[in-house]
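Asks: One line per chain: the protein sequences are A and B, in this order.
Read left to right, the first sequence gives residues 1 to 316 (the numbering used here).
Read left to right, the second sequence gives residues 1 to 316 (the numbering used here).
Be a bit skeptical, because a hint or two may be false.
As the list makes no split between identical chains, a pair holds if one copy fits it or if it spans any two.
[To be verified] Think about it this way: if two alpha-carbon atoms lie no more than 20 Å apart in a straight line, the pair counts; the simulated EDC-like pairs of lysine to aspartate or glutamate are:
1. K224 to D201
2. K278 to E267
3. K247 to E35
4. K295 to E270
5. K232 to D196
6. K74 to E270
Derived by calculation from the structure, the hints in this document are not laboratory data.
Number of protein chains: 2
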Amino acid sequence: MSISEEYINRITSGDKRAVSRAISVVENEDKEKIELLQALYKYTGKAYKIGITGPPGAGKSTITDCLIKNLTKKNFSIGVIAVDPTSPFTGGALLGDRVRMTDATLFENVFIRSMATRGSLGGLSKNVNDVCKILDAAGKDFIIIETVGVGQSELDIAQTADTTVVALVPESGDSVQAMKAGLMEIADIFALNKSDRQGADEIVTSLKNILHLRSPQGDNREIKVLKTIAVKNTGIEELIEEIFDHKKHLSSTGYLDIKRKEHLSNEIIEIVNLNLQKTFWDKENSEILSKNIEKIYSKETDPYTFIQSLNSNINL
Amino acid sequence: MSISEEYINRITSGDKRAVSRAISVVENEDKEKIELLQALYKYTGKAYKIGITGPPGAGKSTITDCLIKNLTKKNFSIGVIAVDPTSPFTGGALLGDRVRMTDATLFENVFIRSMATRGSLGGLSKNVNDVCKILDAAGKDFIIIETVGVGQSELDIAQTADTTVVALVPESGDSVQAMKAGLMEIADIFALNKSDRQGADEIVTSLKNILHLRSPQGDNREIKVLKTIAVKNTGIEELIEEIFDHKKHLSSTGYLDIKRKEHLSNEIIEIVNLNLQKTFWDKENSEILSKNIEKIYSKETDPYTFIQSLNSNINL
Chain A
1 MSISEEYINR ITSGDKRAVS RAISVVENED KEKIELLQAL YKYTGKAYKI GITGPPGAGK
61 STITDCLIKN LTKKNFSIGV IAVDPTSPFT GGALLGDRVR MTDATLFENV FIRSMATRGS
121 LGGLSKNVND VCKILDAAGK DFIIIETVGV GQSELDIAQT ADTTVVALVP ESGDSVQAMK
181 AGLMEIADIF ALNKSDRQGA DEIVTSLKNI LHLRSPQGDN REIKVLKTIA VKNTGIEELI
241 EEIFDHKKHL SSTGYLDIKR KEHLSNEIIE IVNLNLQKTF WDKENSEILS KNIEKIYSKE
301 TDPYTFIQSL NSNINL
Chain B
1 MSISEEYINR ITSGDKRAVS RAISVVENED KEKIELLQAL YKYTGKAYKI GITGPPGAGK
61 STITDCLIKN LTKKNFSIGV IAVDPTSPFT GGALLGDRVR MTDATLFENV FIRSMATRGS
121 LGGLSKNVND VCKILDAAGK DFIIIETVGV GQSELDIAQT ADTTVVALVP ESGDSVQAMK
181 AGLMEIADIF ALNKSDRQGA DEIVTSLKNI LHLRSPQGDN REIKVLKTIA VKNTGIEELI
241 EEIFDHKKHL SSTGYLDIKR KEHLSNEIIE IVNLNLQKTF WDKENSEILS KNIEKIYSKE
301 TDPYTFIQSL NSNINL
């Protein structure tokens, strides 16, 4: 057993260095990863997970900043996972937005980690789930998961978070655009940020109208549209109250357990799927594919015949 | 053999009803799907695939409309795949934008099909690839693939298209936002649409500056930023010229083959992966999971121990 009891104790008591190392173990897919997650699993389930998502430019980082500050003032301990898309262009995560969070990191009870998405199929949410477990076991009261980019990661967040806050701005376009983006389906709360800008009231009205048409969510709760101006910390207290209210609603209706079991089930399916892929595309099969791609491309054979030659158990 | 030679002939001669039926076979995952795709595969490879992507509200549908009209005037036959996200909220694809395309469908040589994404892992691009093959075999000169929503589908398009056009609007936010969204990496051409609006020139300049910093793509070609006003058909001819130029560049450098082989390889990997998942999560394993989720949730066991009990061959 390479994971010592003492190390687990350090993590569960919230020791920052131990937590940091544990996250690295998970991110780097180190050998002891599974053993670590197994050992920590029984300490999880206490943290409440808040997802912050929305289109680029909606001020998600600033809202996250405000939530951190306001929640720490209430003596809660906070873990933050900022999901940055790795850009092959810049060769790394875009951390510009995170710089502003330096003042928040001064607080004793805040642990902030940026994670790159690396663009891999399903890889994002799996890693986010794992890091959540570590922060949860480390005793954080709240874990805020914030997506920085656009893409599947925005929608995946609802597969992890207990409460999903969708941030929009008056410039995000009309509500039909929000529907198209799939954000309407995942929102537990809307925060119309930069709400001192032109068109804010129209967006709020239009969102509310559309939400009236929407069939009720599993949790059967009215979705509120709140106005915030995160740079001025305006509306953040109301947002926190609304998050608390959603939390209370989920707990009292028993829907929190239902939601979390569903998330857990999806997480297990995802872990299995990624492993099936990894196992199948070992060195041998990958080499066979690259050796045969010319033949398939030149129509000497077709993809389906080729796939069945790889493994006759594949039932196309 | 349930697929008759006569049916294949009707598809490859571009018979609209036969093509339409073939697409339905693929979309509905009918029994004869693989046989059909196998039979059609040797007729593929001639169509040139243009991807249109970008944030919601960028006018992608209008640009697609214009491309259809202008390309049919040049006597090209066109296939169009409009990827609509299925919204659990509305219970179907959002087809509002497509209504405007009715006039385009009047043209003899245009075949338009909307596809729902259904939000399933990897399901989107696989179906798009299959429908592309049918339209390709049906003799279309160009296939335009347009994403309507935000999400992974936007980025997946570059895994299918030969030329990816990213549409932006002055309101899309500064260029850093475009980088974050991962759109910078997939663009072969930028179309700044609604370019008569305020801020257009600033966006063009800022995009060009950023593109200068970007490491060269595989095809080693300068990425142009074009201004369009699709509702007035302004700039569309220039956009088509630029697409043709990119096509010529890819062909003459041999990079078209490299790109298509890479796409084919990814497609094969994806088909295999989806099949592995489907096979693993048969009725039996799905039932075992749902029977045990309570135990895992209550920490009687942990997800990793459970997964290994499902199949000891899974190498976590």
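Asks: If a hint holds in the structure, say so; if it does not, say that too.
Replies: Hints, one by one, checked against the model:
1. K224 to D201: within (14 Å within a copy, 38 Å between copies)
2. K278 to E267: Answer is both: 17 Å inside a copy and 16 Å across each meet the 20 Å cutoff.
3. K247 to E35: Answer is neither: 31 Å inside a copy and 51 Å across each miss the 20 Å cutoff.
4. K295 to E270: between (33 Å within a copy, 19 Å between copies)
5. K232 to D196: within (11 Å within a copy, 33 Å between copies)
6. K74 to E270: neither (36 Å within a copy, 47 Å between copies)
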